[in-house]
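Student: Sequence:
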Amino acid sequence: MKTTRLFIWIACSFAFTSCSTIFCGSKARVTFESNINEPATLTIDGVKHRNVEFPYTTKIKRGFDDTIVKAEAENYKTQTLVIDKTFNAVSVINLTNILGWGIDAATGAMMKPEFNLYEIEFQPAK
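Under this note's numbering, the letters of the sequence shown match residues 24 to 149, in that order.
Please keep in mind that the hints were generated in silico from the structure rather than gathered at the bench.
One should not assume that every hint holds.
Unchecked claim - Each computed BS3-like pair below joins lysine-lysine, with the alpha-carbon atoms no more than 25 Å apart: (1) K71 x K100; (2) K93 x K149; (3) K50 x K84; (4) K108 x K71; (5) K82 x K50; (6) K71 x K84; (7) K84 x K108; (8) K108 x K82; (9) K71 x K93; (10) K108 x K50; (11) K93 x K108; (12) K50 x K71; (13) K93 x K82; (14) K100 x K149; (15) K93 x K50.
Note that this is a predicted model, so its numbers are computed, not measured.
Kindly produce the complete structure, drawing on both the sequences and the hints.
Tutor: Below you can see the structure in the form of structure tokens.
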């Protein structure tokens, strides 16, 4: 009887390993909206997204570092947006599974963007 319980406990701990990575993935979906109706270029952590029309939805990496977004449009000033990261509560499902916490931390799934929607306010160039 004790062996069966031990086996079930071990099986459950491996089944729930790295819950944030399994349930949420290592990338998060965010949407950008803007006050302009013309195409723009978004540079997200060094990767350029050209001819973006708003609203624009894309995936960004989860992780402990903030994500920097640079928005450029013709006849407008360049705007910079910092996406802060917060703790992803799904990680708590790991409970006492140290391996699961480690995998979630290594993949960045332990963190998530603070918001799912970001507004970019372009200012006309003078």
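Student: Give a verdict on every hint.
Tutor: Tested hints:
Among the hinted pairs, K71 with K100 is consistent with the structure: their alpha-carbon atoms are about 17 Å apart, no more than 25 Å. Using a Cα cut-off of 25 Å, the hinted pair K93 and K149 holds, with the two alpha carbons roughly 19 Å apart. With a CA separation close to 4 Å, the supplied pair K50 and K84 stays within the 25 Å bound. With a C-alpha separation of about 21 Å, the suggested pair K108 and K71 falls inside the 25 Å cut-off, and the hint holds.
Among the hinted pairs, K82 with K50 is consistent with the structure: their alpha-carbon atoms are about 6 Å apart, no more than 25 Å. Distance check on the hinted pair: K71 and K84 sit about 15 Å apart at the alpha-carbon level, within 25 Å; holds. Between the alpha carbons of K84 and K108 the distance comes to roughly 10 Å, so the proposed pair stays at or under 25 Å and holds. Between K108 and K82, the direct Cα distance comes to roughly 14 Å. Compliance with the 25 Å bound is thereby established for this hinted pair.
Restraint check for K71 and K93: the C-alpha separation of about 9 Å stays at or below 25 Å, so the hint holds. Taking the CA atoms of K108 and K50, the gap is about 12 Å. The hint holds against a cut of 25 Å. Simply put, K93 and K108 have alpha-carbon atoms about 17 Å apart, close enough for the 25 Å limit, and the pair holds. At roughly 17 Å between alpha-carbon atoms, K50 and K71 fall within 25 Å of each other, so this suggested pair holds.
Proposed proximity of K93 and K82 is supported: the alpha carbons are some 15 Å apart, at most 25 Å. Distance restraint check for K100 and K149: the Cα-Cα separation of roughly 8 Å lies within the 25 Å cut-off, and the hinted pair is therefore satisfied. Proposed proximity of K93 and K50 is supported: the alpha carbons are some 19 Å apart, at most 25 Å.
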